Amino acid sequence: MTAASATPTAPHVYLEAQTRWRVFEIVFWLATLVPLVVFPSYLVLASQIAITALFALSLDLILGYAGIVSLGHAAFFGFGAYTAGLIAKAGWGEPLSGLVIAAIASGLLGYLASFIISRFRHLALIMITLGLGLLLAEAANSASWLTGGADGLQGIKMWRLLGYFTFDLYGYAAYTYSLVTLFLVFLVARRLIQSPFGLSLRGIRENAVRMPAIGAPSRAHIRKIYTISAAMAGIAGALLAQTTETVSLEALGFPRSADVLVILILGGAGHLYGGLIGAIIYMIARDQLSGLNPQYWYFWIGLLLIAVVTFLPNGILGGLAQLASRWRGAS
Amino acid sequence: MSAPALIARGVDKRFGSLVVAKDIEITLPQGVRYALIGPNGAGKTTLINLMTGMLRPDAGGIFLGDEEITRLEPDARVKRGLVRTFQINTLFARLNALESVALAVCERRGIAGQWWKPLPAYRDAVDEAYDILASLMLANDCYRMTRELAYGQQRLLEIALALATKPKVLLLDEPAAGVPRDESTELFSAIANLSQDITVLFIEHDMNLVFRFASRIIVMVGGHILVEGTPQEISADPRVREVYLGGVHHG
Numbered sequence: 001m002t003a004a005s006a007t008p009t010a011p012h013v014y015l016e017a018q019t020r021w022r023v024f025e026i027v028f029w030l031a032t033l034v035p036l037v038v039f040p041s042y043l044v045l046a047s048q049i050a051i052t053a054l055f056a057l058s059l060d061l062i063l064g065y066a067g068i069v070s071l072g073h074a075a076f077f078g079f080g081a082y083t084a085g086l087i088a089k090a091g092w093g094e095p096l097s098g099l100v101i102a103a104i105a106s107g108l109l110g111y112l113a114s115f116i117i118s119r120f121r122h123l124a125l126i127m128i129t130l131g132l133g134l135l136l137a138e139a140a141n142s143a144s145w146l147t148g149g150a151d152g153l154q155g156i157k158m159w160r161l162l163g164y165f166t167f168d169l170y171g172y173a174a175y176t177y178s179l180v181t182l183f184l185v186f187l188v189a190r191r192l193i194q195s196p197f198g199l200s201l202r203g204i205r206e207n208a209v210r211m212p213a214i215g216a217p218s219r220a221h222i223r224k225i226y227t228i229s230a231a232m233a234g235i236a237g238a239l240l241a242q243t244t245e246t247v248s249l250e251a252l253g254f255p256r257s258a259d260v261l262v263i264l265i266l267g268g269a270g271h272l273y274g275g276l277i278g279a280i281i282y283m284i285a286r287d288q289l290s291g292l293n294p295q296y297w298y299f300w301i302g303l304l305l306i307a308v309v310t311f312l313p314n315g316i317l318g319g320l321a322q323l324a325s326r327w328r329g330a331s
Numbered sequence: 332m333s334a335p336a337l338i339a340r341g342v343d344k345r346f347g348s349l350v351v352a353k354d355i356e357i358t359l360p361q362g363v364r365y366a367l368i369g370p371n372g373a374g375k376t377t378l379i380n381l382m383t384g385m386l387r388p389d390a391g392g393i394f395l396g397d398e399e400i401t402r403l404e405p406d407a408r409v410k411r412g413l414v415r416t417f418q419i420n421t422l423f424a425r426l427n428a429l430e431s432v433a434l435a436v437c438e439r440r441g442i443a444g445q446w447w448k449p450l451p452a453y454r455d456a457v458d459e460a461y462d463i464l465a466s467l468m469l470a471n472d473c474y475r476m477t478r479e480l481a482y483g484q485q486r487l488l489e490i491a492l493a494l495a496t497k498p499k500v501l502l503l504d505e506p507a508a509g510v511p512r513d514e515s516t517e518l519f520s521a522i523a524n525l526s527q528d529i530t531v532l533f534i535e536h537d538m539n540l541v542f543r544f545a546s547r548i549i550v551m552v553g554g555h556i557l558v559e560g561t562p563q564e565i566s567a568d569p570r571v572r573e574v575y576l577g578g579v580h581h582g
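Chains as they are written, first to last, in this note's numbering: chain G, 1 to 331; chain B, 332 to 582.
Hints in this document: simulated from the structure, not taken from any laboratory.
Predicted model only: the values in this text are computed from it and were never measured.
Keep in mind that a hint or two might mislead.
Once the Cα atoms are required to be at most 27 Å apart in a straight line, the calculated DSS-like pairs of lysine-lysine come out as [to be verified]:
1. K353/B - K499/B
2. K224/G - K157/G
3. K353/B - K448/B
4. K410/B - K224/G
5. K157/G - K410/B
6. K499/B - K448/B
7. K353/B - K497/B
8. K224/G - K353/B
9. K448/B - K410/B
Computed spacing ranges between beta-carbons, pair by pair [to be verified]:
10. S348/B - Q18/G: 47 to 55 Å
11. S325/G - E514/B: 52 to 60 Å
12. F28/G - G441/B: 33 to 41 Å
13. W300/G - R345/B: 53 to 61 Å
14. K448/B - F28/G: 21 to 29 Å
15. L349/B - A143/G: 47 to 55 Å
16. V34/G - E479/B: 37 to 45 Å
17. G441/B - R119/G: 22 to 30 Å
18. W145/G - G347/B: 50 to 58 Å
19. T561/B - S325/G: 37 to 45 Å
20. E514/B - Y298/G: 51 to 59 Å
21. A324/G - Q527/B: 47 to 55 Å
22. Q527/B - V180/G: 16 to 24 Å
Every residue, glycine too, gets a C-beta built ideally from N, C-alpha and C.
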């Protein structure tokens, strides 16, 4: 005891240890390669999971880290999807540049929205994000000359990825493309939350009143992370548009905003991997349950959600983290 | 005498018909240790809220050094060196003590918006945060979550957060609130040992602490300043004795 307190870990050494890659992280990312070998018939689903995971990760940055709740995050997903789709339809089918343009477009939309978002919290914020999402969905619906309305955006033709890989029915290219994009964006998010800016976001989440009293411009921080999060959501949407070569109004709709919130809470908000784990469980459960009974699968999702928040209030990852620390404390 | 560090000039504030600040005139010379006392509901915390920008005065002005700051946002006032602590712990429950203070240090150094390098890459900032915690005897517990710290340690962390902003003027709202008597003396010794460059105004109810640590005292009653003076003058003032012993306000 005295020896430990006489030579405590130096603070920067302690913080560096916090940023190190854990074993489970490496295992997780290696496991994402498994579908390519073991479940080649499920690659289309796997690609959808990777896209949803990326979308959930973008929500985690604002909800899990900065504590900014949103019920309209599909607005940015859908905006990215339509942007990527429209570019391709207009004749520019190159995927990577389409992805970048969609990210910029969604980021810009997020930046504009952030001026309203950063002024509110809690219940008001739920109403405002819900309203923004509905506004955009209706706008896309009525602008059917541009978006195809309820029929969806048809006639997207993507060029080959890197001039070589085609997005075919088997989904090899789609999954690899989605997975690599997810991983790269994840690296950015991981770095971000370990940075001084990431610490400021957690400060906003933990105590929004104290932040100005230590000289922190909370609103500027919120505008920044909202823009980044919107751009990431836009990338996810663009991936969906490009790999499926279609965009429907569902991409923007309220159910998608609600789904991603459920996925994040299921997996555990504020753990970086929560949205990823949640997406895997939710999407596989939906696939299996809707195979059993296509009409009532939301019943089981509802049950799962109630069970998780009852027994694991911090989501699946929160529960696992608690178990791990208890186990470490015992040994 | 050096230039005043903080001035409140003719500050008024009312909530509907309730007057919470009436014609407040305060001039804090640099480096003093001021106590702000008065019965409950006298408007002491409101005055701190007005000076730090958490409330806007209806009339009057606040000046930090030569600069008028009446219309500045709270975070902009902190950047200029006017910093407060809170009577009720207002901390970051799920950050540890080191992270909390490092957060404040990063904000002051202007690196808090930086999102491409990890926090430990800013070793100067991290070491500075650690040194502040060490100076308040929190070094050994700096990796513990704030919510797991003992109450007295949380009170110290309140002050550590304020110090991390390098304040010129520090407004302490009952820094020892809820702390047992023996520990509160220790806490005030830490405040007394702060650099003489820092001007301190503290609210405190324990008269022993007030008379021991304040060089001057302001007495507030019903939203206005009753009297201001040295501890000797205040203890001899019949109006103050009436407020505290007359029992009109006490509950």
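- request: Just pull the numbers of the violated hints for me, sorted ascending.
  value: 2, 3, 5, 6, 7, 8, 11, 19 and 22
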